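From first to last, the protein sequence lines are chains A and B. Each residue of the first sequence is one higher than the one before, counting from 1215 in this note's numbering. Each residue of the second sequence is one higher than the one before, counting from 2 in this note's numbering.
I should point out that these hints are in silico values taken from the structure, not numbers from a laboratory. Just so it is clear, the structure is predicted and the values come from calculations on it, not from any experiment. Where hints are given, some of them may not hold.
Each computed DSSO-like pair below joins lysine-lysine, with the alpha-carbon atoms no more than 27 angstroms apart [unchecked claim]:
#, chain 1, residue 1, chain 2, residue 2
1, B, Lys343, B, Lys149
2, B, Lys197, A, Lys1334
3, A, Lys1334, B, Lys149
4, B, Lys31, B, Lys52
5, B, Lys130, B, Lys176
6, B, Lys130, B, Lys107
7, A, Lys1334, A, Lys1367
8, B, Lys176, A, Lys1334
9, A, Lys1367, B, Lys197
10, B, Lys343, B, Lys176
11, B, Lys107, B, Lys149
12, B, Lys149, B, Lys130
13, B, Lys31, B, Lys130
14, A, Lys1334, B, Lys343
15, B, Lys176, B, Lys149
Distance ranges between label pairs, derived from CB positions [what the hints assert, rightly or not]:
#, chain 1, residue 1, chain 2, residue 2, range
16, B, Ala243, A, Gly1239, 52 to 60 angstroms
17, B, Pro317, A, Val1378, 38 to 46 angstroms
18, A, Pro1238, B, Pro317, 27 to 35 angstroms
Glycine included, each C-beta is placed from N, C-alpha and C at the ideal position.
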Amino acid sequence: MRRHIENIRATSINLCVFFVGHEPGFAGTFTQTQAQRVQHGIEMMRELYEQADLGVRRIFWRFIHDDDAASFISINASGATDLTEAFSGPNDGIDLFIVQTITDAGGWSNSDGPCDKDDKGRTGAVVEVTGGSSNDFMGILMAHEVGHYLGLKHTNSATNLMGVDSNNDGIGEINNNSRDLVASQIDTMRSSCWVRDSC
Amino acid sequence: MPDPTAASPPLTPRFERVLALDGPWFGRPKPTRDELEAIHGLIAQGVPVAKRYDLARAMAIAADNSPTPETAALIVRILNDERADLALRRQAATLLGEIPVRASAKALSEALSNSSPMFEAALLAALAKVGDDEAARAIAARPPTVSKRLARLREFARAMILYRDGRQADERADKALLPIGQDVTISREPAAEVSKVMAGLRGSTFGVRIEPALGYAFQCGSTRQVVLLSADLPAGPGLLAALSQRRRIAGIVAMQDERGSATYVVHRIVVTRPERDGIAVAVLSTGGEVELRGMLVPRDKGATLSLRSHAAGRRPIEVEGVVSDEGLVLRARVFLDDAAAKRSGDVDPAAA
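So that you can see chain B by itself, here it is in the shape it has in the complex (with noise of 0.2 angstroms):
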């Protein structure tokens, strides 16, 4: 590491434009080895020298061209520098992210305790990139924040360190990089209870007849809801044919109002159209906004669904079926930890 105190070369006129102080952006410039040296003994001077030249672009220079232990450790010393304002030692842990080097991710792991959280969230990014074991354990170590997106950059940052060095990975890692799902079980109905359904069902069924001897029942936190289709679809072999015909509202989900109602109402609306693939399926709410799309793809004698969450803001869920001579089963997961994506609406002063 250079020693600052001793003489490094002067910049070149083209790195003085460079670093100068609000100067113009010139790219990637490539320094010439004695140019770097020079870089290298700017960024030494430390934190003061960023009154005179760019610091951060400094050290991005650096970083980018002599990504080593010796351009880490000065970059090390601006990361730790708490004379340097925030800006500056966030682009100093962002940078050090870049080399991945012992002494990087030494000194994010130790900048962790008395970080702040916008710090933290910079630190936890270049660690995810650089982390090593020292790191996930620090990590760990953090105390609980009330920040959603602090905790998910932590778990990520964690998951990311512990996958990469093939480490043995705990359920919160797992939850963190492949979420995951919680299988929902999807039941053939009994016609009886389709009857019982179809006889609490309220409101309108956007023009569907409902085939009554058919349904598929799942369980949503603490209500049921059911699967109902078309009368006009053939419940055996011709489905796919009837299907591939024309679009069609093919079914309804029915929701039940509440826990241990009878009564039923019309939650989501399915529709197909076919395409030249297969036939496409969306299950909408009622409001219009797209819940689930997907494919129904012929395969051999039968056919393969498959549906993925489409809604902004909702939780994750695949559907998957099959389609055969034996009629349709389905298979649905949902992942409860990507919940996250609520929304929490506004505060208006003058209306509180």
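Chain A with its partners taken away, still in its complex shape (with noise of 0.2 angstroms):
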């Protein structure tokens, strides 16, 4: 806990994290254990960032109602822009919207993706809720995609938490051991126009 202090104290990220498909009092698509995953992923994922002194700090919590959301529970690639071109959060925070399924990776996001939520294209991160039994894997999918976000690209290590792509597909390939970062990673995303210098 006093590391997560410190770190958020220094320089952080925040993120704007919206549930699609939710209504109040989970009478909605999203169920409270998914909710409760989330809330994990995010603690994962600050743990994961903690790798290059970089915090997430703020989380500015948002949902789609369900008959907004209806085209969007499930998608893909093509779905996640349209999603991120519909919806944007605070502009302090990196959108990082989770979908129920995304039919053709577990999420997308831009490598080094606009500083301008108004800018064309795919404005945000997208990630699925994942099921299984752990709770960790939903964190490196969020601090993957946030990771791209934030400039980075796959690699050629699995237990980078950035992936591999093996099959050259644009699709990178992680898994629960994904989560290391090497000293160019560390500064690639420290130097993004998302991150927030100490408060």
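Using the hints, put the two chains back together into the complex; each one sits in its own frame.
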């Protein structure tokens, strides 16, 4: 906890986390378990970014009603772009949309995403809420996609947070052990326009 | 202007009823000259009279029936009276916007300083109607605001003043009234490039068999997109006849997964339907939203295509095209300044 507080006081990013398809009281698509998984994911993400001395400081929570989210609950790369073009959170945080299913990857994000949310194209990261027994993987996936947004590309190491694109199809493969960051990646992340100096 | 201390004629019984607090609404009553003088006298008594009469309605009747410097001067006193509640002062601002005299513009401009956002919005809406050069300068000098709506109102009011007076408008004013589009280059792709896109295309094409020799590419943000037409359509002169025969999925727009990627996914679907005056064309998202719609209309030996944004909350886009014997030539414009329609979602305190 002490380390975390030190971290978010220093160089950090903010996130704007969207539950895509949610109703108050968990009366919509999102379940409480999924919300908890996302919250755990953020904690995991904080741990992973600690390697870069980069905090995840402020979380702006947002949700999109089921009616508005109907065509976005289960999407692919195309839908991910449409989603980020249709919605944006406060300008101080990277938009991170949590959807139920992504049909062609675990998440989508531009590499080195735009600093202006009014820009054209994909202006945020989109991940699916993962199932399975490990809550950690949710955090790895979130950190991976936000990592793209901060400028990181796939690597040639399966233990690296950014995973490997072994079949060169633009989709990186990551697993529960994909957690490392190397010095050059740290430099890239910390030079992103989304990184806020110490407060 | 009436002297508030001078005696004015009393309200007639009709206007006693019209201006009674919580009284019935009488539409837009036309006062006689004496009745108007009595209403002016009432307004001249200032904010305290609002405890006995409907001062907002009195001002509205005066502005409606006597949009003169005299009426404006009376309403300005209410506008500037900080004892008045915000609703009354906003009403005063709105009514001054209906009285195009110098006093209105001057008072509205001066009230901009120290105005709250809600009050400023009313002042700006009025200045859009009656503001002058001085008002345009006062608006331009306002400190920055985080409110997109207020910023938009400022630009609108300032631009309306500059356009109305025929003054030298700047780029900001032009953007506020007549957004300037940014041309998007759409280029015909060589067959080899189309083949590469097709090779990298993942997922369903909604059953469309792609014509391997014909594609039109453009850049959207950091990613490349390629319009691919159905192989069932002839590329040359027979295109219109084929589209006129029946409803079709005429093509798709393939989107690069991300910058530099060799893989593509279907991002848009182009559908056509023959109609009496031409061929209706829509470009849909894969989730079913109609993004663009328009018509392909026969002209001389070819046809012209005109598509406009359709989905709510999306950036305005215009696509023009010409179909001739040489094939299809496309041109597009996107209006980046109108992107404010993005939605921001809601906040659920329980979930947070």
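Tested hints:
{"no.": "1", "hint": "B:Lys343 x B:Lys149", "result": "holds (11 angstroms)"}
{"no.": "2", "hint": "B:Lys197 x A:Lys1334", "result": "holds (24 angstroms)"}
{"no.": "3", "hint": "A:Lys1334 x B:Lys149", "result": "holds (19 angstroms)"}
{"no.": "4", "hint": "B:Lys31 x B:Lys52", "result": "holds (24 angstroms)"}
{"no.": "5", "hint": "B:Lys130 x B:Lys176", "result": "holds (19 angstroms)"}
{"no.": "6", "hint": "B:Lys130 x B:Lys107", "result": "holds (13 angstroms)"}
{"no.": "7", "hint": "A:Lys1334 x A:Lys1367", "result": "holds (21 angstroms)"}
{"no.": "8", "hint": "B:Lys176 x A:Lys1334", "result": "holds (18 angstroms)"}
{"no.": "9", "hint": "A:Lys1367 x B:Lys197", "result": "holds (23 angstroms)"}
{"no.": "10", "hint": "B:Lys343 x B:Lys176", "result": "holds (18 angstroms)"}
{"no.": "11", "hint": "B:Lys107 x B:Lys149", "result": "holds (25 angstroms)"}
{"no.": "12", "hint": "B:Lys149 x B:Lys130", "result": "holds (21 angstroms)"}
{"no.": "13", "hint": "B:Lys31 x B:Lys130", "result": "holds (24 angstroms)"}
{"no.": "14", "hint": "A:Lys1334 x B:Lys343", "result": "holds (12 angstroms)"}
{"no.": "15", "hint": "B:Lys176 x B:Lys149", "result": "holds (15 angstroms)"}
{"no.": "16", "hint": "B:Ala243 x A:Gly1239: 52 to 60 angstroms", "result": "holds (53 angstroms)"}
{"no.": "17", "hint": "B:Pro317 x A:Val1378: 38 to 46 angstroms", "result": "holds (41 angstroms)"}
{"no.": "18", "hint": "A:Pro1238 x B:Pro317: 27 to 35 angstroms", "result": "holds (33 angstroms)"}
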